[in-house]
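A.B. asks: Could you build the full structure based on these sequences and the hints that come with them?
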Amino acid sequence: MSAGSIDEDELHAYVDGALPPEREVEIAAWLAANPGMAARVRQWQAQKAEMHRLFDPVLAEPLPDRLRPGVRAGIRPGARARRARLVPAMPAAAAGFALLALGLAGGWWLHGRMAPPAGQVPMAQEAMNAHRVYAVEVRHPVEVAAAEHGHLVGWLSKRLGAPLRTPDLRSAGFDLVGGRLLPAGAGPAAQFMYQDGSGQRLTLYLRDAGPATPTAFRFASEGNAHAFYWTDSGLAYALVGEIGRDRLGAIADLVYRDLAAAPPR
Amino acid sequence: MIAAQVEAQIPSLRRYARALTGDATAGDDLVQDCMERALSRLHLLRPDSNLRAWLFTIMRNIWRNELQRRAARPPLHALDDQAEPSVAGDQLDRLALRDMQAALLALPDEQREVVLLVALEGLRYAEVAAIAGVPIGTVMSRLKRGRDRLAQLTGDSPPLRRVK
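Protein chains in written order, with this note's numbering: chain A, 1 to 265; chain B, 1001 to 1164.
Keep in mind that the hints were calculated from the coordinates and are not lab data. You may find that some hints are simply not true.
[Claimed, not checked] If you want the footprint, here are the derived chain A segments under chain B, 3+ residues with CB under 8 Å: (1) 125-136; (2) 231-243.
[Stated by the list, open to error] Here are some chain A residues the structure puts well away from chain B; computed CB gaps all over 12 Å: (3) Met-51; (4) Ala-146; (5) Pro-163.
Quick caveat, the model's predicted, so the values are computed rather than measured. Each residue gets a CB set at the ideal place from its N, CA and C atoms; glycine is no exception.
C.D. replies: Below, the structure is given as structure tokens:
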């Protein structure tokens, strides 16, 4: 395909990662020779980055009670009154079904949702939330891929203010996919993602541990997601995955030993 | 279990609703409406359905209904895709709208919806077309207009248009 036939639709598709890789390469080459259009493309990319900067923190906010169906189904008459204003009255049969569905789905839902105390989100909860959001992501699982390993580690180390390393989990069958920066309360957190041959993903979540003293492994679980978490050398770590507890524990041990073998200076 | 998969989408639905409405409470209202409607319709979901697109479609329909309900009141800005700002209005806007959040809220609803679904939520053009119930060509046109308008509003639009 000729690079001369590029139209604006394709430039948007380029920004949105919607092109086949070979076409992406052609467009990138064409843009290098067309600084005017390249500036516009950079502007669209900058808009995108700005939207993520503004709104990605919402992903890590603790859910209000009314977005936990198990809680709201039974004990929030105020919320139900508000519903009546916003949504036209449901036919009685549909409403009955809705309540039944809420009872069935919500009951299960509630089971995992009641654990965290109001206010601060515990470290393991943050890590599991982040895992749940990104581990299912097909197109953009990481911000920086493992191919740019030096940049990935340098960037996240700088943002977290501590020298980070990506543990080598190949002996457990997991390769590094890459990583991303996340908000953790007022500060930053890093997430490294690993994947095995079957597509199973693990995430290692790290943030500043504050004044916390080193701890042994602790275990948390929510739905299918399990987490082992600990603090060491001023950093809090959580390894999250949807694999069996024993296997996850063995890999958490591997992470710990790998980091201890070559401690960050 | 399906409820867990629905639950996993809540943070992303909240992010989108917050950006779409520009308000935390209004955004969470939208998510709450969406979750209740989705849970009441889980039986309609086929195993091979695209759950994420399905949830965004439900939320989108609730949002559009809400906009229509408010249409009795004078709209804050034109809903028409074709509406182009006057030059004078544009310059005024540039002074007032320096940041992305304000610029997004100043977009026509159709453009804000498409820009956010594509640029913030990373949905494919075909998914966005299905969610908004329009052809892909319309999605592209709204995306282009929306991005150009955002650039104007945030005041960093380089004079690159060859055609006036």
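A.B. asks: Can you tell me if the region 125-136 of chain A counts as covered by chain B, using C-beta to C-beta distances under 8 Å and a minimum of three residues?
C.D. replies: holds (count 4)
A.B. asks: Taking C-beta pairs only, is Pro-163 of chain A more than 12 Å away from all of chain B?
C.D. replies: About 30 Å separates Pro-163 of chain A from the closest Cβ of chain B, which puts it past 12 Å; holds.
A.B. asks: For the region 231-243 of chain A, do at least 3 residues have a Cβ located nearer than 8 Å to some Cβ of chain B?
C.D. replies: Answer violated; 0 residues pass the 8 Å Cβ test.
A.B. asks: Could you check that no beta carbon of chain B comes within 12 Å of the beta carbon of Ala-146 of chain A?
C.D. replies: Since the minimum Cβ distance to chain B is about 20 Å, Ala-146 of chain A lies beyond 12 Å and the statement holds.
A.B. asks: Hey, does Met-51 of chain A actually stay past 12 Å from chain B on C-beta?
C.D. replies: Non-interface label fails for Met-51 of chain A: nearest chain B Cβ at 5 Å, not farther than 12 Å.
Consistency with the previously given hints fails for numbers 2 and 3, ordered from lowest to highest.
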